[in-house]
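Novice: Chain order of the listed sequences is A and B. So that you can map any letter, position 44 of the first sequence is 44 in the numbering used here, and since no number is skipped, the others follow by simple counting. Every position in the second sequence, counted from 1, becomes a number in the numbering used here once 108 is added.
Worth flagging that the hints you see were computed from the coordinates, not collected in a lab. It is possible that part of the hints are untrue.
[Unchecked claim] Derived lysine to any residue pairs resembling SDA-like cross-links, with alpha carbons at most 25 Å apart:
no.	chain 1	residue 1	chain 2	residue 2
1	B	Lys146	B	Tyr159
2	B	Lys161	B	Lys148
3	B	Lys146	A	Thr24
4	B	Lys126	B	Gln203
5	A	Lys42	B	Lys161
6	B	Lys148	A	Ile107
7	B	Lys149	B	Pro177
8	A	Lys79	A	Ala29
9	B	Lys161	B	Val222
10	B	Lys130	B	Thr221
11	A	Lys45	B	Glu132
12	B	Lys148	A	Pro10
13	B	Lys148	A	Ala67
14	B	Lys149	A	Gly93
15	B	Lys148	B	Pro177
16	A	Lys79	A	Arg37
17	B	Lys148	A	Gly54
18	A	Lys42	B	Pro191
19	B	Lys149	A	Ser53
20	B	Lys117	B	Pro177
Since we're looking at a predicted model, the values are computed, not measured.
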Amino acid sequence: RKEVEQDPGPFNVPEGATVAFNCTYSNSASQSFFWYRQDCRKEPKLLMSVYSSGNEDGRFTAQLNRASQYISLLIRDSKLSDSATYLCVISTGNQFYFGTGTSLTVIP
Amino acid sequence: DTEVTQTPKHLVMGMTNKKSLKCEQHMGHRAMYWYKQKAKKPPELMFVYSYEKLSINESVPSRFSPECPNSSLLNLHLHALQPEDSALYLCASSQDIGTTNYGYTFGSGTRLTVV
Numbered sequence: 001r002k003e004v005e006q007d008p009g010p011f012n013v014p015e016g017a018t019v020a021f022n023c024t025y026s027n028s029a030s031q032s033f034f035w036y037r038q039d040c041r042k043e044p045k046l047l048m049s050v051y052s053s054g055n056e057d058g059r060f061t062a063q064l065n066r067a068s069q070y071i072s073l074l075i076r077d078s079k080l081s082d083s084a085t086y087l088c089v090i091s092t093g094n095q096f097y098f099g100t101g102t103s104l105t106v107i108p
Numbered sequence: 109d110t111e112v113t114q115t116p117k118h119l120v121m122g123m124t125n126k127k128s129l130k131c132e133q134h135m136g137h138r139a140m141y142w143y144k145q146k147a148k149k150p151p152e153l154m155f156v157y158s159y160e161k162l163s164i165n166e167s168v169p170s171r172f173s174p175e176c177p178n179s180s181l182l183n184l185h186l187h188a189l190q191p192e193d194s195a196l197y198l199c200a201s202s203q204d205i206g207t208t209n210y211g212y213t214f215g216s217g218t219r220l221t222v223v
């Protein structure tokens, strides 16, 4: 079983739509959770850390469900510029594990 | 300074060449990483250095040789590579292996083509 499972998509959504991605993890001892954004041919960049209480940054909301062992990312009012691959990254404390990434295309 | 700097940005090398990738950070991070990323795939961990010592080697072929000269620098020496080694090579750093609250900071990568 993979440490981290993520639906690769692709997700094609119209501008203004709300879209959500999930990422499940297998190690219940996982400690830290992150969402990264990666544009084509660029490096991944940290989008948000994910906290137990959930956190919001503008149009982006991240949540953690420890009981079901998944994290989620919600994007409201999608913009064309949100088109990218979104990677979940989970840390067990001594190593980071990547999801496969979810491809999002926002269509005009 | 919150950047991880990688050089060169692009590299084309023959299968008999020897080249090196360089990575530098001045954030005081004690863990540094090399990742390899193929198109449409997530980054794959190659090596982890913690406090300048090699902590993890993910069974990487010996034609890749990492080096950590000091706490700010990380090199990846390349020798006798194969065309399938062509990929984006990403350097990353974090505060510590055991302190992962803030995630990684990635460099912009070196796009390597082996011909």
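Novice: Does each hint hold? Answer for all of them.
Specialist: Structure-based check of each hint:
{"no.": "1", "hint": "Lys146/B / Tyr159/B", "result": "28 Å, violated"}
{"no.": "2", "hint": "Lys161/B / Lys148/B", "result": "31 Å, violated"}
{"no.": "3", "hint": "Lys146/B / Thr24/A", "result": "23 Å, holds"}
{"no.": "4", "hint": "Lys126/B / Gln203/B", "result": "31 Å, violated"}
{"no.": "5", "hint": "Lys42/A / Lys161/B", "result": "28 Å, violated"}
{"no.": "6", "hint": "Lys148/B / Ile107/A", "result": "20 Å, holds"}
{"no.": "7", "hint": "Lys149/B / Pro177/B", "result": "30 Å, violated"}
{"no.": "8", "hint": "Lys79/A / Ala29/A", "result": "35 Å, violated"}
{"no.": "9", "hint": "Lys161/B / Val222/B", "result": "29 Å, violated"}
{"no.": "10", "hint": "Lys130/B / Thr221/B", "result": "16 Å, holds"}
{"no.": "11", "hint": "Lys45/A / Glu132/B", "result": "17 Å, holds"}
{"no.": "12", "hint": "Lys148/B / Pro10/A", "result": "11 Å, holds"}
{"no.": "13", "hint": "Lys148/B / Ala67/A", "result": "31 Å, violated"}
{"no.": "14", "hint": "Lys149/B / Gly93/A", "result": "24 Å, holds"}
{"no.": "15", "hint": "Lys148/B / Pro177/B", "result": "32 Å, violated"}
{"no.": "16", "hint": "Lys79/A / Arg37/A", "result": "14 Å, holds"}
{"no.": "17", "hint": "Lys148/B / Gly54/A", "result": "29 Å, violated"}
{"no.": "18", "hint": "Lys42/A / Pro191/B", "result": "21 Å, holds"}
{"no.": "19", "hint": "Lys149/B / Ser53/A", "result": "30 Å, violated"}
{"no.": "20", "hint": "Lys117/B / Pro177/B", "result": "21 Å, holds"}
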